[in-house]
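S.K.: Chain by chain, the residues run as shown.
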Amino acid sequence: MKSYVALARSSYMAAMMYRFSFSFTLIGNLLYIALLYYLWGSIYRDVETIRGMSFNQAFVYVALAGAIFTMVKTWADWEISYHIRSGAIIMDLIKPLDFQLYALSRTVGFLFFNVTMIALPSALVLFLLFGANIEVGVGLLFLPAALVLAFLVSFAIDYIIGLTSFYTESIWGISTTKEIITTLLSGALVPLQFFPDVAQRLLRFLPFQAIYHVPLTVLTSPDLGVKDCAALLGTQAAWVLILFVLGRFFFTRASRVLTVSGG
Amino acid sequence: MADPVVEVEHLSKHFRVLNRREGLWGATRDLFSGDYKTVRAVDDISFDIHAGEMVGYIGPNGAGKSTTIKMMTGVLKPSGGRLLVDGNAPYANRQRNAQGIGVVFGQRTQLWWDLPVIESFKILKEIYRVDNEMYKNHLGLFNELVNLQALYATPVRKLSLGQRMLCDITASFLHSPRIFFLDEPSIGLDVSVKNKIRSVIRELNQAQRTTIILTTHDLGDVEALCQRIIIIDQGKIIYDGPIGKVTALFGAYRTLKVQIHNYREDTSHQLQTGLEVRFGGDGAIPVEHTEAGWTDITVNQDQVPLLEVLHFVMETFPVKDVRIVEISMENVVQQVYEGALA
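Just so you know, the sequences run in chain order U and A.
With this note's numbering, you'll find the first sequence wraps up at 261, consecutive numbering, no jumps.
With this note's numbering, you'll find the second sequence wraps up at 349, consecutive numbering, no jumps.
I should point out that these hints are in silico values taken from the structure, not numbers from a laboratory.
Don't be surprised by glycine CBs; every beta carbon is placed ideally from N, CA and C.
This list has only true hints and no planted wrong ones.
Here are the simulated lysine-lysine pairs, DSSO-like style, with alpha carbons at most 30 Å apart:
#1 A:K243 x A:K44
#2 U:K71 x U:K176
#3 U:K0 x A:K129
#4 A:K165 x U:K0
Output of the computed footprint for chain A on chain U, the stretches with three or more beta carbons under 8 Å from beta carbons of chain A:
#5 2 to 14
#6 90 to 98
#7 251 to 257
From just these sequences and the hints, can you work out the full model?
M.R.: Take a look at the structure:
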């Protein structure tokens, strides 16, 4: 365990080495929030609520999705594929570490960096500058756990996508496809409440809503009870379990076909 | 003799690779191609290595050296045969195997690129669960050997190649591995750094009787360090035995490189015949025209004095430039095929 903590620490420190790069990510995020403010403002110009959501709720939902994006974007798929193409994968595999946990601990370091340096400041600006205020219920207490689980689901998906590079070397196509599917079906772009009822029901059976929709719903729906929240987090936890086991199974298969480039 | 620390029996590794076609159209057709060929990177090899040995595992580029190392480190799964490293099957028990071995790849680093050197050591200390005392002792040893302390605060990306290599060796040795793999440790380094690295490796072998397996195509490394040498070519072992015989062989060989003025196509043939007439033997002094106007003459000094050959060439041909180099890996392999070690 201590070794994985040391790894997480190292990637946090590595991120800190490039201290100016994060300020640009932060600025980009704030511009994105401004854009969303005017976009959703015009959608709501003549109506009070759409599908039971007020402007404030919808705006906070999508704007916070932007902040969550920087948290749950693990880049684990790109990192694994980069290591495959450069041959650096061999340095990962000669360490006495579990490959999945190794990949996870590296991203956890970046997670801490992104939360403290980008996601929190973005959320602060959202509430202070844009005057966004929402009613919160008991769900707020569940938010931290929901965010952690969202991160784990996102990582587990990225890890599986990353492993496909053992077969294909490059994952540009598959990773971009995953990105689009996740963005659309998770509620990152448009609140899931806006989808047709059939689609909403179908999406409940996919892992993507566990990444954005669950934490955002927990935060923006004041009328949710403890039971409802627990049920939502339960589905997240189930997806974490399923996807982690799938990833481990996939690694044993994929490592058999590994070829290492160079040297 | 004690049980071997590395047991290799009929080990093979095959890769299936697509037969790629040339050009834009060829690349497009490859998208739908099912035309695979099997490459036998390692083809039925067997050997044992005992504790404390320093073995040179050599061969030309693409011979299968690295593939063997990758199997021994548990990165690649063997296609066939038996392989035990310190009693473990490396691929099946990758993590356990990794704890007992140290690996340095000359062309890669296991240090954290963006962080100061000392941070990498600290992380590796945690990963390999090295206790404080051992950690201190090791860094102390390396400080004595190469004054490493001066580099602690430097980020890895700012190290020179030689400095990075020394740091990488230190890093791979923190957990006192029983078996140490070095893959091309001196590639691209100048002579003084090479010597430093060789003396460090020798020290590590002696201090803890660490078994060292050295892959290289620099014969100098092997000559300086190893008692035993295994030569591999095209996936097969073509020599396994004491280094003495091999040094005797390639120690005596030199390649005389000459650049001849007004070189014509039949010049090397003329040279070959001329040498045969003068020194006798058919093909005993092979002549080969190589890159950019250089003609290589391989001379066995035990049979023919190099100076006499040089003298003869200078007298018979208008020579522009001359170089004398030690025999290359490819040449050694060729000599072994021709029965030089039989």
